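**Student:** Residue numbers (the numbering used here), protein chains in the order written: chain A, 2 to 374; chain B, 2 to 374.
Incorrect hints may have been included.
If several chains are the same, the list does not tell them apart, and a pair holds so long as it fits within one copy or across any two.
[As the list claims (entries may be wrong)] In silico DMTMM-like cross-links for lysine to aspartate or glutamate, where the CA-CA straight-line distance does not exceed 25 Å: (1) K101 <-> D87; (2) K295 <-> D87; (3) K299 <-> E81; (4) K21 <-> E277.
It should be emphasised that the hints constitute simulated quantities derived from the structure, not laboratory data.
Just so we're clear, the structure is a prediction, and the values are computed from it rather than from any experiment.
Number of protein chains: 2
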Amino acid sequence: MINENTVCSKRIEALKKEIKIYENISDILIFKEEDIFYLTGFYGRNSNSVFLITENGNFLFVNFIYFEEAKNSTRDLNIETILYNDDKNKLIADVLLENKITDVLIQSDFISHCQYLKMENDLRKSGIKSKSIDNPVTKFRVIKDDLEQKLIKKACSLTDKSFDFICSFKYRELLKFSESILAIEMEKFLISNGGDRRSFDFIFANNAGASKPHYSSQNIKINDGLLLMDYGVLFKNYCSDMTRTIFIGNNINNKLKEIYEIVKEAQHTAVDFCREGIRACELDRIARHLISQKGFGKNFGHSLGHGVGIEVHEQPFINSKNEEILKEGMILTIEPGIYIEGLGGIRIEDMVIVRKNKCENLYSSSREIINIC
Amino acid sequence: MINENTVCSKRIEALKKEIKIYENISDILIFKEEDIFYLTGFYGRNSNSVFLITENGNFLFVNFIYFEEAKNSTRDLNIETILYNDDKNKLIADVLLENKITDVLIQSDFISHCQYLKMENDLRKSGIKSKSIDNPVTKFRVIKDDLEQKLIKKACSLTDKSFDFICSFKYRELLKFSESILAIEMEKFLISNGGDRRSFDFIFANNAGASKPHYSSQNIKINDGLLLMDYGVLFKNYCSDMTRTIFIGNNINNKLKEIYEIVKEAQHTAVDFCREGIRACELDRIARHLISQKGFGKNFGHSLGHGVGIEVHEQPFINSKNEEILKEGMILTIEPGIYIEGLGGIRIEDMVIVRKNKCENLYSSSREIINIC
Numbered sequence: 002m003i004n005e006n007t008v009c010s011k012r013i014e015a016l017k018k019e020i021k022i023y024e025n026i027s028d029i030l031i032f033k034e035e036d037i038f039y040l041t042g043f044y045g046r047n048s049n050s051v052f053l054i055t056e057n058g059n060f061l062f063v064n065f066i067y068f069e070e071a072k073n074s075t076r077d078l079n080i081e082t083i084l085y086n087d088d089k090n091k092l093i094a095d096v097l098l099e100n101k102i103t104d105v106l107i108q109s110d111f112i113s114h115c116q117y118l119k120m121e122n123d124l125r126k127s128g129i130k131s132k133s134i135d136n137p138v139t140k141f142r143v144i145k146d147d148l149e150q151k152l153i154k155k156a157c158s159l160t161d162k163s164f165d166f167i168c169s170f171k172y173r174e175l176l177k178f179s180e181s182i183l184a185i186e187m188e189k190f191l192i193s194n195g196g197d198r199r200s201f202d203f204i205f206a207n208n209a210g211a212s213k214p215h216y217s218s219q220n221i222k223i224n225d226g227l228l229l230m231d232y233g234v235l236f237k238n239y240c241s242d243m244t245r246t247i248f249i250g251n252n253i254n255n256k257l258k259e260i261y262e263i264v265k266e267a268q269h270t271a272v273d274f275c276r277e278g279i280r281a282c283e284l285d286r287i288a289r290h291l292i293s294q295k296g297f298g299k300n301f302g303h304s305l306g307h308g309v310g311i312e313v314h315e316q317p318f319i320n321s322k323n324e325e326i327l328k329e330g331m332i333l334t335i336e337p338g339i340y341i342e343g344l345g346g347i348r349i350e351d352m353v354i355v356r357k358n359k360c361e362n363l364y365s366s367s368r369e370i371i372n373i374c
Numbered sequence: 002m003i004n005e006n007t008v009c010s011k012r013i014e015a016l017k018k019e020i021k022i023y024e025n026i027s028d029i030l031i032f033k034e035e036d037i038f039y040l041t042g043f044y045g046r047n048s049n050s051v052f053l054i055t056e057n058g059n060f061l062f063v064n065f066i067y068f069e070e071a072k073n074s075t076r077d078l079n080i081e082t083i084l085y086n087d088d089k090n091k092l093i094a095d096v097l098l099e100n101k102i103t104d105v106l107i108q109s110d111f112i113s114h115c116q117y118l119k120m121e122n123d124l125r126k127s128g129i130k131s132k133s134i135d136n137p138v139t140k141f142r143v144i145k146d147d148l149e150q151k152l153i154k155k156a157c158s159l160t161d162k163s164f165d166f167i168c169s170f171k172y173r174e175l176l177k178f179s180e181s182i183l184a185i186e187m188e189k190f191l192i193s194n195g196g197d198r199r200s201f202d203f204i205f206a207n208n209a210g211a212s213k214p215h216y217s218s219q220n221i222k223i224n225d226g227l228l229l230m231d232y233g234v235l236f237k238n239y240c241s242d243m244t245r246t247i248f249i250g251n252n253i254n255n256k257l258k259e260i261y262e263i264v265k266e267a268q269h270t271a272v273d274f275c276r277e278g279i280r281a282c283e284l285d286r287i288a289r290h291l292i293s294q295k296g297f298g299k300n301f302g303h304s305l306g307h308g309v310g311i312e313v314h315e316q317p318f319i320n321s322k323n324e325e326i327l328k329e330g331m332i333l334t335i336e337p338g339i340y341i342e343g344l345g346g347i348r349i350e351d352m353v354i355v356r357k358n359k360c361e362n363l364y365s366s367s368r369e370i371i372n373i374c
């Protein structure tokens, strides 16, 4: 539940106002579960719920499995929760007709093309015209309000703490864990300290595994070398995301140490330049330029970062093509990396809040080389 | 990687043959990551990869993050892995034109409506006509071949074992755990015994929480009463899914015991009737009828079960509307439940393989009342 201080009602009103300007109607069907959560406080993961916003009232269509939760989550809001059984589209059409609505917008960035066609067709049968609208809620979600910043900061502070937890292991203790069991221990620590659960499947990658930016942790014992840890936690449905790469044992490959310093400099510089007014692509270019100058441009094949909020990857995307200008209140990752097939990879990732003349880094965990030996 | 014995090549050929019959072309763009895994052995979770099947050859479009893994996973197959940077659609169009293809099918049950429109438009600009096709791979995935049955059986046997692990805790030990920490301990056990990781977020629900079929486990201490555990593991990208409800302490509510026996009977009867030739809706009706007769029809608000494979919820869906006839080799859950708001819920879930004259239950864990006290 996030509907403290009628924040959800305000979000719904702002959305209605916005789409009314562009589309001349403000009756809309919202399908994306994260958007429904943002607007109602109800988060039905894989629930196929639909939120209908109209001039006359708001309706949340939910199946049996989520009904009790949806009712409770939206109790203080002016939302009618409607239980659907089989023919959800027909039920939606009926509610639209009861409210004398014959034109409706359909959010098209989440439902599949074939679901869209069915919905359009089912509405047409009831004499209702529909029109697709792309990303109507993103514009709002991209700027985090005070409540959202508070929740994300809490998730980040837990994430910081859990890095200390890992670093507190002695060399011999660390070598007893496998990648995936160490990841499980970290999740346990995060939950024990107030987190809800992991915000994504942790990437704990030892040595060569770390050359794959989205590696899956294995149940294989950790060895001397590097350990890349990309992890995060959910706190009241808001995500954190952080990466640190540490070294284990006495014989650290010099090339990896050299790469570490390059990634560190690129990351630090990008954080330094991150502020309101800079374009996403410029920020990406700053980090990429530094890494390319050192000869590792080809080894930094992903984008610099992404927004984080209800989703662990959301807008704005910080890549070489996105000309979007960063604004105060955006929360994003800055995470350059260098990957060498067969050898390993180094990535350092922070989350920051964009402010007027700087950004606020949400992590205090060290970015210097940490060597457990 | 699942491409043992050229199984992936055979799957691709079967798909081409099938769609050629209905659509008269066999050039198709596949977007759903689980389908791409089924056809190529490469599983790029949230990777936005695209698999293009043509008469001249097969092409896997992957970004930098997944490129190394994609190349390795498909090494022994006749698949060209192509790295995309920004304009994936243009690259796909170019490959189509190089192969003199001007008509292509687009899988439409996974990409969003707005992505579909963009793809259609981008192809049109290159003079390529496209047509939407719904669920082209489902027909094949719904029947599990020998290799798939083997992998799922292994996942289920780990799942059975982990239930014993939980039941081995003494009463006083159990009360020291919270729902979410006990769930974490179970995942740790599953990984330690050969599982890859959980196949979904476990539902460990104590007492009133269990009345919500898709409850989120909380970090609150477990109390006397009921504990519903819905959990599963991934083994080489195949899922298991199982639910047991146990009782803790000496003072078990008599109504819950009565409900337990009703759910047990409904579950047992449905498993008994499950075999090749029965319709999904008939099977659902058998369990539902039994529960309704006892006066709890309204408290069993979800469907009886669903298919399990690469996805934890996939076709066939065992509900009151699906007239599909069950076939040998389908693997599905049978999981009736009764939920009483404020009191709790009982669910018993097994996974079975449909056979000619019966089904094979993949679990041996007891379905009798277990009372830890």
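**Student:** For each hint, tell me whether it holds in the structure or not.
**Tutor:** Structure-based check of each hint:
| no. | hint | verdict |
| --- | --- | --- |
| 1 | K101 <-> D87 | within (23 Å within a copy, 44 Å between copies) |
| 2 | K295 <-> D87 | between (59 Å within a copy, 24 Å between copies) |
| 3 | K299 <-> E81 | between (53 Å within a copy, 21 Å between copies) |
| 4 | K21 <-> E277 | neither (28 Å within a copy, 54 Å between copies) |
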